[in-house]
Amino acid sequence: MKLTPLFLTASLVLFFAPAVMMAQVNPRYWDGTGYLSITGGPASPGRDLSSTTGNGLMANNGLLADIDYNHMIAYGIGVGVNLGLDYFGMNEDIFLERTAPSTYNFTGGYLSGRLGLNLLMNLPVEILRDKFVLNFFGELNGGLRSFTIPDVDLNYDELQNKYTEVTYRSRSNVLGYAGYSAGVQFLFSNCWGINLSYSALMKSQHRIDYSVRAVDVAGVVTEDEDFLSARLDRTGIQIGFLFIIGR
Amino acid sequence: MLLLLTHCKKEPIRGWEYWLESPAAPEIVKVTPVLKNCEPPYPVSFTQETNNLLGNIRYRWSFGDGTSSNDQNPVHIYQTEGLYTITLIVSNEIGADTLAFTVPGLDQSSVAVNSKFSYSHFNNNNFAPAKVHFSNESSGANQFYWHFGDGGESSNESPEHVFDSPGTYTVNLKGECTSGESDEYVQQIFISPAPQRVFIDSLNLMLPSGYSASGIYVEMYHNTTYVGRTLIVSSGSFPLKFRRPEDFVYGTFFDFVQFTANETFRFVVLRDDGSQYPEFLDEFMLSTVDIKNNHYPNAYYSLQTVPVVHDLFIDLYFSY
Numbered sequence: 001m002k003l004t005p006l007f008l009t010a011s012l013v014l015f016f017a018p019a020v021m022m023a024q025v026n027p028r029y030w031d032g033t034g035y036l037s038i039t040g041g042p043a044s045p046g047r048d049l050s051s052t053t054g055n056g057l058m059a060n061n062g063l064l065a066d067i068d069y070n071h072m073i074a075y076g077i078g079v080g081v082n083l084g085l086d087y088f089g090m091n092e093d094i095f096l097e098r099t100a101p102s103t104y105n106f107t108g109g110y111l112s113g114r115l116g117l118n119l120l121m122n123l124p125v126e127i128l129r130d131k132f133v134l135n136f137f138g139e140l141n142g143g144l145r146s147f148t149i150p151d152v153d154l155n156y157d158e159l160q161n162k163y164t165e166v167t168y169r170s171r172s173n174v175l176g177y178a179g180y181s182a183g184v185q186f187l188f189s190n191c192w193g194i195n196l197s198y199s200a201l202m203k204s205q206h207r208i209d210y211s212v213r214a215v216d217v218a219g220v221v222t223e224d225e226d227f228l229s230a231r232l233d234r235t236g237i238q239i240g241f242l243f244i245i246g247r
Numbered sequence: 001m002l003l004l005l006t007h008c009k010k011e012p013i014r015g016w017e018y019w020l021e022s023p024a025a026p027e028i029v030k031v032t033p034v035l036k037n038c039e040p041p042y043p044v045s046f047t048q049e050t051n052n053l054l055g056n057i058r059y060r061w062s063f064g065d066g067t068s069s070n071d072q073n074p075v076h077i078y079q080t081e082g083l084y085t086i087t088l089i090v091s092n093e094i095g096a097d098t099l100a101f102t103v104p105g106l107d108q109s110s111v112a113v114n115s116k117f118s119y120s121h122f123n124n125n126n127f128a129p130a131k132v133h134f135s136n137e138s139s140g141a142n143q144f145y146w147h148f149g150d151g152g153e154s155s156n157e158s159p160e161h162v163f164d165s166p167g168t169y170t171v172n173l174k175g176e177c178t179s180g181e182s183d184e185y186v187q188q189i190f191i192s193p194a195p196q197r198v199f200i201d202s203l204n205l206m207l208p209s210g211y212s213a214s215g216i217y218v219e220m221y222h223n224t225t226y227v228g229r230t231l232i233v234s235s236g237s238f239p240l241k242f243r244r245p246e247d248f249v250y251g252t253f254f255d256f257v258q259f260t261a262n263e264t265f266r267f268v269v270l271r272d273d274g275s276q277y278p279e280f281l282d283e284f285m286l287s288t289v290d291i292k293n294n295h296y297p298n299a300y301y302s303l304q305t306v307p308v309v310h311d312l313f314i315d316l317y318f319s320y
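In order, the protein sequences belong to chains A and B.
In terms of our numbering, the numbers along the first sequence are unbroken and rise by one, the last being 247.
In terms of our numbering, the numbers along the second sequence are unbroken and rise by one, the last being 320.
Hints in this document: simulated from the structure, not taken from any laboratory.
What you are looking at is a predicted structure, and each value in this text was computed from that prediction instead of being measured.
Fair warning: there could be bad hints in the mix.
Below, a list of computed lysine to aspartate or glutamate pairs in the EDC-like style, where the Cα atoms sit at most 16 Å apart [as the list claims (entries may be wrong)]:
#	chain 1	residue 1	chain 2	residue 2
1	A	Lys162	B	Glu21
2	A	Lys162	B	Glu27
3	A	Lys203	B	Glu27
4	B	Lys241	B	Asp273
5	B	Lys131	B	Asp107
6	B	Lys241	B	Glu219
7	A	Lys162	B	Glu93
8	B	Lys131	B	Glu81
9	B	Lys116	B	Glu137
Where chain B lies over chain A, by a calculated footprint (3+ residues, C-beta under 8 Å) [as the list claims (entries may be wrong)]:
#	region
10	71 to 83
11	92 to 103
12	203 to 214
13	217 to 227
DEER-style ranges, computed between Cβ atoms [as the list claims (entries may be wrong)]:
#	chain 1	residue 1	chain 2	residue 2	range
14	B	Tyr226	A	Ile38	35 to 43 Å
15	B	Ala100	A	Tyr104	28 to 36 Å
16	B	Glu153	A	Asp224	54 to 62 Å
17	A	Thr107	B	Leu231	47 to 55 Å
18	A	Ile77	B	Glu279	50 to 58 Å
19	A	Asp224	B	Asp272	29 to 37 Å
Think of the CB as a built atom: it goes at the ideal place given N, C-alpha and C, for glycine as much as any other residue.
Produce the entire structure from the sequences given, and follow the hints as far as they go.
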């Protein structure tokens, strides 16, 4: 017999049919329990962050990582805390096109740490009771985030630029944020699970302070404080594990 | 509420600011012509002062009598008196500056001999024994006779002389031209007694912001002799402050650096990163004249003995 798509589809339906037939939405599945999740995945900077125009921050695609503890109160409604990190590299080629230094050094990238609270709604579907549960969830989160820029060191020939050394260093920046995530969790044996979700930080404009130190050919040092101002939204995929606590 | 707060409108969207600015073209500050005789032929020395000396600097002198030179500070002989317009062009890859001028007295058949000089202490140090550099500012003369007041003599145009002992010296310059006409100029020079020792009370160290402030200490050398080092102080930011005696190994030995003359004090900035050898970060030299300036960086950028590109601030005190 040939493995046609029709045959494959039929096989899958027949295989899962008993489980689907036994599936039952159980809104009280989570009552009084919680979970710890550790996730990570690719992240995409928003328009201002990734823009390579004059006002853009020239961020490349990056990574996100999150640790959450959520406690469900009743009927799938829960609250929790979130500790997260977003990292985006700098598009060095574009930056170097604009600045044209003789030599350069970039250290790090755009780095943002997050500490916030979660408010979440779960819709658990018990496929195999006490064996396998699908949990659809949506989550709102908000809190404080830090944001730093990469360390940039540029050196110029004395005929090329008045300033032969230019260094950029981040200042401490603490900002507010709001975001959401939504996805599905595959729970096994009421003990652990796999998380797959979409995450987004919403558009909000912030000021990011940094300092510039420029040295001219005579050795005269100029220190200046400057800032970036941009919407720091981003999207990403969270893939990871969760561990059920209290069940 | 948080969502509303994060959406508060702030400054306009703003990207990176680039510190790009074209370097300045050469700028002629002044030209000092000096007649080196009191009658034709007139040798004239030209000394130019130009700012923004970057890249390949080229000098082009046109002396107004059909001749020219590419020297930085040329001497040109005018066979006859006349009203000559001299042009100097200083250029490099960035641009050029031009100055046209005439030389007073060059159109006269004879000029007066006028002797004059200024002087400067080597490293700005007037502690005995002190080396003094004399700058001859005479005009109309081409032979010079110096009497330094301590028995020393010279016939150089701009000599250097070492005064071995402290005191007040009367320096005499006699300028003479080919006609025999002459002029004398007298000036007193004071040479100070040397202090007996240098007392270093504290050391404030400022490094570029890119440096890590951990593990940094300073070693001190008197000429080539190792004197001692500071402890590693804990600080999250610059300047790092090393205070006496608690921040110096063995407390107080920096008190007894003997002072003689024209010496150097070398401060080596190192970082102990736990490896076998410390990491060298920077070093800077101070001459004794720097030591006498109680606070830095009062005269910091004008001293050639101190590297100018690093922010190294140091508080030093000396005592007799």
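Status of each hint after checking the structure:
no.: 1; hint: A:Lys162 / B:Glu21; result: holds, 5 Å
no.: 2; hint: A:Lys162 / B:Glu27; result: holds, 15 Å
no.: 3; hint: A:Lys203 / B:Glu27; result: violated, 51 Å
no.: 4; hint: B:Lys241 / B:Asp273; result: violated, 19 Å
no.: 5; hint: B:Lys131 / B:Asp107; result: violated, 39 Å
no.: 6; hint: B:Lys241 / B:Glu219; result: holds, 14 Å
no.: 7; hint: A:Lys162 / B:Glu93; result: holds, 14 Å
no.: 8; hint: B:Lys131 / B:Glu81; result: violated, 40 Å
no.: 9; hint: B:Lys116 / B:Glu137; result: holds, 5 Å
no.: 10; hint: 71 to 83; result: violated (count 0)
no.: 11; hint: 92 to 103; result: holds (count 4)
no.: 12; hint: 203 to 214; result: holds (count 9)
no.: 13; hint: 217 to 227; result: holds (count 7)
no.: 14; hint: B:Tyr226 / A:Ile38: 35 to 43 Å; result: violated, 54 Å
no.: 15; hint: B:Ala100 / A:Tyr104: 28 to 36 Å; result: violated, 44 Å
no.: 16; hint: B:Glu153 / A:Asp224: 54 to 62 Å; result: holds, 56 Å
no.: 17; hint: A:Thr107 / B:Leu231: 47 to 55 Å; result: violated, 29 Å
no.: 18; hint: A:Ile77 / B:Glu279: 50 to 58 Å; result: holds, 56 Å
no.: 19; hint: A:Asp224 / B:Asp272: 29 to 37 Å; result: holds, 32 Å
Of the numbered hints listed earlier, those contradicted by the structure are 3, 4, 5, 8, 10, 14, 15, 17.
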